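Colleague: As you go down the protein sequences, you meet chains U and W in turn. Going by the working numbering, the first residue of the first sequence is number 1, and it counts up by one from there. Going by the working numbering, the first residue of the second sequence is number 440, and it counts up by one from there.
Hints are supplied without guarantee of correctness; some may be wrong.
[Said to hold, decoys possible] Taking lysine to any residue and the SDA-like style, the derived pairs with C-alpha atoms no more than 20 Å apart in a straight line are: (1) W:Lys726 - W:Gly674; (2) W:Lys747 - U:Leu156; (3) U:Lys95 - U:Tyr414; (4) U:Lys95 - W:Val720; (5) U:Lys59 - W:Lys747; (6) U:Lys217 - W:Lys747.
Derived from the structure by calculation, the hints contain no laboratory data. For clarity, every value in this text was computed on a predicted model and none was experimentally measured.
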Amino acid sequence: MRAQNLPLSDITICDFTAVWAGQTVTMYLADLGANCIKVENPYIWNPMTRAASPRLDEKSANLIAPWMGGHPGSDPGPRPWNNSPAFIHVQRNKKSFTVDSRRPEGLEVVKNLIRKSNLIADNLALGTLARLGLSDDAIRAIRPDIVILHLPAFGLSGQYIEGRGYGAHIDAVAGSTILRGYADSSPVTNTQIFAGDYFAGLHGAVAALAALRHQRKTGQGQVIELAQLEASAQMFPQAALDGAWNGRAASSIGNRSIEGFVPNGVFPCSGTDRWIAISCRDDAEWAALREFMDNPRWATDPELVTAGGRAAAEDEIEARLREFTANRDRDQLFRSLQEVGVTAGPVLNNADVCNDPHLAATGAFRPLPATEDYPAVEWLNPAYRFSESDVGIRSEPALFGQHNDYVYRELLGYNDAEVEEYRRLGHIADRYDDAVINA
Amino acid sequence: MGPLDGVTVVDFTSHLAGPYATKLMADLGARVVKVERPGGDRTRWAKPFLDDRPGIERSGTFQYLNTNKESLVLDLRREGAGDVLLALLQGADLVVSSFTPRQAEHLGMTYEAIRAIADRSMLWITNFGLAGPYRDYSMSDTTLFAMGGEMFSTGLADREPLKYGGTAALLQCGAIASVAGLGAIHAWELHDAAQLVEAPLFNGQLNNVDRRSAAILAFRFSGRIQERPPGPGSGLAGGVYEVADGYVEVTAAGGNYWQRFVAMIDDDALRDPIFASPAAVAIPEAKERCDAVVYPWMLTHTRADIWKKARKVHAMVAPLYDAVDLFNDQNLRDRGFWTEIEHGESGTLPMIGRPYILSETPWEIRRPAPRLGEHTDAILSELGFENQAIASLRADGVVA
C-alpha cells in the first residue's frame, strides 16, 4: 500500500555476502526496499552462511548452541539451509537464485545481473570474486557506475591481509574481548560473543546508503572497503582514546559503569537464574533506590550521597543490593523500581523476550506463514518503524533457490529454452548438489 | 566532497546513541547542526579527559562523537525559541531527536509539533518507543544490554550474567538508528516523503544479529533457551589462551580449522589421527594430550609471533588487543585507522579515524567537535537573523 515510498525502491543489489556481517548489510538494504538478489551456488557450501552444515541430524543439531542449532522442532530435516535460526532470519525481503559462477555460462548470468545492479556486496574469502573473473575493474567494465562493497576481516591492504577470522577474532583485535569478563578473572574465562559482526554490518549499510545516494545524485559509483576490524573498533571510543591520549590500557570492570554510575550491576532475583540490572545514573536515582529499600541504615551513610562516595563503597553496596534483590520477583522489581525513578531492567533470555508484554503491545513481532521447511511462528520485525514507507518484512525469508524463475526470466529476460538449458546444466536448482550434502 | 554532501541534519540528540547516529552522517559529508541545551550535551562531562583533567572541551567521548558537527545552544523552554526553531527546521532534510516522550511533550518537540512547523522527516531515538507499558522507563547501557537478550547468555553458568565493555550497546543502537535515518533521507529525496522514523533502543538491541535475533527465532522454532556455558572454549582447542605477553583467541573446532591450527603449532604430536576425529572432544585423554602440547607452546610465543604464524596458514587465531596496543599498531596506523584533529584549545590530538574507505567520496574530518555554542552566531546569521536580533536572543537566554 505504501510501497511507493520505499527508500531504496530504485536500487538492485547483486548479493555475494556470507556469514553475518555481509548478510546483515544486505538485510538492512532489503528492509529499506532494495531488490536484493542473493547469488547462491548449488555446488559450493559457504561456511556459516545458511546453516552449520548442509547435512544435520537431530542429534547433532541439539549438540549445537540454540542460536545455531535450534532448528524447528529441533529437527533440521532434509534442508537445514532453509531453517537455521542463525541465518534464515537475515534472508527476509531478499530473493535467492542459483548459479555456478565458476562456469562460463554461469558467469554470464552473474554479469547480466551486475549490469542491472546498483550495488555488489561481497564478503567471500579474500580474492574469491577476482578468481571468478570479477575483479573491481571487471565489474566496473560491466557497470561503470556501480558501488562495490567489500567487507574483509582485517582490510585489503597491509600486514593482516591474510588474517582469517570470525566475529570472535575481530572482537579480540578490536579491543572488545579484553574489556569484558569478570573483573576478578583473566580474559581466559571469557566466552565468545560476536557483536563485531553486527556493528560492522551496520557500518556497511551506512556506507552503502551514503554511496548509493551519491550514485543517484551524480551517476558516480565507487569502491567501499570496510575492514570489519576497523568498524568494530569504533565500539569502544572511550577506551581507545584513553589509550591514545592518556596511555591507559583499560581492562574489564565486570558489570560496573565507565560512566560513573554507582551502583551499576546485575543482581540475583527469586527463582532460578533470574537477574535484574540496576543503574543509578545520578544521585537522585540513588536517593530513590534508597527510599525504595526503606532507607536501611547502611544506605543512609552521608558519604553515599554522591557518586564519588558510593564508588569508594561499591563492593559493600553491591553486596547489600544482592541481599535486597535476592528474594524479590524480577519483573515486579523492574516495574516498581522504574515507577519510582530508578533505572532497572530484567536480564531477559530468549524465551522471556518472546513473552515480554511491552514487545507484544508494540508490535515487535509479526507472524509469517509456514513453509515446507519451517512452521508458522512470530518473527522479529526490523528495529525501526517508518510512518510513510513500508519498511518491514514485506516478503518472507528467501529459501535456497526460491526465486530462480523470477531472476532468470523476469529480471534477466532468459526465454524458456535458455532457462531449460540452465536447468539441464545444473545451474538452476532448488537444493544443494548431493556432492555438497554428502561431503 | 562526501557522499552526503548537501544533506542538512538538525540534531537535537545528546549522550551517546543519538550523537553516534549523526556522527556517522557528519563524517560522510552531511551538515549536522547540533542543537545543545544550555550547559551543553552531558557527554561533554564524560571520561576520558585529555591528561585526565576534566573540562567541557576536553572529553574524548564528546570529541569522538561530535566530529564535523556545528554547535548552536538553544533553550527550547524559552519564549522566543520558536523563531529559531522554525528557521532551523525549514532548512533541514532530517530532524533527529532523542528526547523522551515526556520531554518532547513538555518542550513542544513531538513529531506532531515539528510537522506543524515544517513538513520534515524526523528520526526519533527513544528508549522503548512512543507507546506501550515501558514507554516512560529510563535506560542505561547496562539495562539496555540486559533487556536485549544477550547478557543472559554471556558469562559463565555458575556466575552472574555479564555485560559488554564500555557503552557498546548504546553505540550499536546509534549505528542502527543511523541506518534508519539514512533510509529517511533516501525516502525524502526520492519520494518527497516526510515521515516519522522511530528507532527505539530496546528494539535495536533485540535486532542485534549477535546471537540475539537468532536466539529469539531459535526459541520460537525449538523451545531451546540460550544459556551461559559452563566454561569457555569448545572442542580440543579453542577460546582465550594466555601467551608469553598477553592473550590470543582461538577457534580450532571443525576439520579444516583444526588442520590449520595444527599447521600453526607445527608439532607432530598434534598430527596423531586421534585428534582429527570429531569424537576426540569426548575423550578426556585426547584433550589432556592436546593441552600438554598447546599450553606450553602458547606460553612460549608472543602475540605478534602467533598472529604472524596464524595468518600464514589461515588459522583462526588473533591476539587480544588493549587500547594502547590498538593505538600503537603500525599496520592500523599505516592503513589510516588513526587520524588527527586540530583542537582549538589543545592543539593536535590523535583521533579514531574512518570505519570504512570510500574510493571517490572519502570519509573525512573537516573540523573537530565544536566548542559549546561555537556556531550559534554564524548559523543564526545564515538563517537571516540580524545582529541585533541575535544579541536580543542572547540577552533573553534563548541562545548562547
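Colleague: Each hint needs a verdict: does it hold in this structure or not?
Modeller: Do the hints match the structure? See the list:
{"no.": "1", "hint": "W:Lys726 - W:Gly674", "in the structure": "9 Å, holds"}
{"no.": "2", "hint": "W:Lys747 - U:Leu156", "in the structure": "17 Å, holds"}
{"no.": "3", "hint": "U:Lys95 - U:Tyr414", "in the structure": "17 Å, holds"}
{"no.": "4", "hint": "U:Lys95 - W:Val720", "in the structure": "39 Å, violated"}
{"no.": "5", "hint": "U:Lys59 - W:Lys747", "in the structure": "38 Å, violated"}
{"no.": "6", "hint": "U:Lys217 - W:Lys747", "in the structure": "44 Å, violated"}
In the structure shown, a violation is registered for the earlier hints numbered 4, 5 and 6, in ascending order.
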